[in-house]
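These protein sequence lines map, in sequence, to chains A and B.
Per the numbering used here, the first sequence starts with residue 1, numbered consecutively.
Per the numbering used here, the second sequence starts with residue 190, numbered consecutively.
In case anyone wonders, no lab produced these hints; they're calculated from the structure.
Remember, it's a predicted structure, so these values are computed and weren't measured experimentally.
Check before you lean on any hint, since a few could be wrong.
In the PhoX-like style, the derived pairs of lysine-lysine whose C-alpha atoms are separated by at most 20 Å in a straight line are [as the list claims (entries may be wrong)]:
id: 1; chain 1: B; residue 1: LYS284; chain 2: B; residue 2: LYS201
id: 2; chain 1: B; residue 1: LYS210; chain 2: A; residue 2: LYS21
id: 3; chain 1: B; residue 1: LYS378; chain 2: A; residue 2: LYS189
There are 2 protein chains.
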Amino acid sequence: MKSETRKEEIIKTAAKLFKEKGYSAVTMRDIATAMGIKAASLYNHISSKQEILKDIIISLAEAFTEGMQQIKSSHISTIQKVQAVIKLHVDITAKNTYGMASLNNDWMHLEDERGYYLALRNGYEADFRSIIDEGMRRNEICNGNVEIIIFSILSTLRSLYLWIPKKEDVSPQELSDNLSSILISGINK
Amino acid sequence: MKSETRKEEIIKTAAKLFKEKGYSAVTMRDIATAMGIKAASLYNHISSKQEILKDIIISLAEAFTEGMQQIKSSHISTIQKVQAVIKLHVDITAKNTYGMASLNNDWMHLEDERGYYLALRNGYEADFRSIIDEGMRRNEICNGNVEIIIFSILSTLRSLYLWIPKKEDVSPQELSDNLSSILISGINK
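Make a model of the complete structure from these sequences and hints.
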């Protein structure tokens with residue numbers, strides 16, 4: 001249990017350093033120094049920088065996949081599903097902006113888990129596409145180019161990790177509500 | 190004139206390499222090799238990798254600033270101004286996706302011109318903010334959190350360089366029209 005907590009601390013510290021300097025430029029020694037411990041002590045908790053990256057990215061990607069699958073299979077309207085997807089992104093990102101920066105900037109540095117990460121990401125996008133497709137078929141949302149809709153909504157949600165740290169006065173609830181309104185109803189009067 | 194064309198070719202080749210390998214990893218030798226010329230010949234046209242980066246980023250940033258200023262001062266409705274901003278991003282990005290990748294990923298590697306770039310970027314955002322503010326005052330667009338609206342629209346527009354190369358079957362006109370519809374009117378029926 002104590003060891004688990006230490007491991008989480010290592011992962012948090014590493015995510016912050018990856019964001020500041022880029023994954024490639026960070027060494028295990030840098031992580032140890034930032035924590036005020038010896039590099040050798042790190043290896044009691046974690047085997048490599050790659051294991052840290054995997055822990056950061058895969059746990060986030062799995063949280064998104066699990067959230068999306070719940071939303072997709074729930075018996076609510078398409079608009080409610082899109083609102084729930086927005087809330088999922090805001091909530092996960094608000095809790096872990098450094099980890100989300102790593103997911104966005106460093107996923108290509110994954111070694112063994114890269115294929116698994118891409119499969120999760122593709123599955124996530126396919127689930128979101130099927131929600132939008134179904135909404136159009138059921139006449140619950142406007143007809144339009146599905147790919148452009150998905151790009152537009154996901155590019156905003158995937159940029160949240162850059163925006164949230166600069167606007168700490170906006171609560172996750174306020175952000176979810178405002179984004180839902182803008183992404184679903186637009187800005188038109 | 191011939192020299193100018195060669196310089197443009199160098200800049201294009203460099204932008205592609207920066208996208209593929211990251212600015213820091215690319216050498217002047219890599220650029221020469223990709224062009225099938227000797228590294229020494231590069232220096233007849235350009236003094237350094239930094240000069241290339243500056244040429245790529247500043248010319249794009251100035252094009253955005255000029256476009257935004259024209260839109261801001263034109264006598265059209267707020268919705269038409271937002272449509273024009275969307276078209277500005279689609280048109281500039283469609284013409285130069287590699288350059289836009291560099292602007293997004295490599296601006297922090299600018300040396301002397303970094304402050305100038307950031308001033309252009311901040312001015313651009315301030316102009317867009319004033320368009321949205323004015324639209325709310327004039328009751329031409331919905332009241333809402335201005336910062337969240339700006340974040341939402343700009344994060345989509347700034348991600349276009351990732352999306353456009355994957356969707357070459359969508360024309361810039363079709364993309365502008367669809368994005369305008371989604372960003373301005375949302376997806377709600």
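Right, here's what the structure says about each hint:
Pair hint B:LYS284 plus B:LYS201 holds up; C-alpha atoms about 12 Å apart against a cutoff of 20 Å. For a cut-off of 20 Å, the pair hint linking B:LYS210 to A:LYS21 stands: about 16 Å separates their Cα positions. Distance restraint check for B:LYS378 and A:LYS189: the Cα-Cα separation of roughly 14 Å lies within the 20 Å cut-off, and the hinted pair is therefore satisfied.
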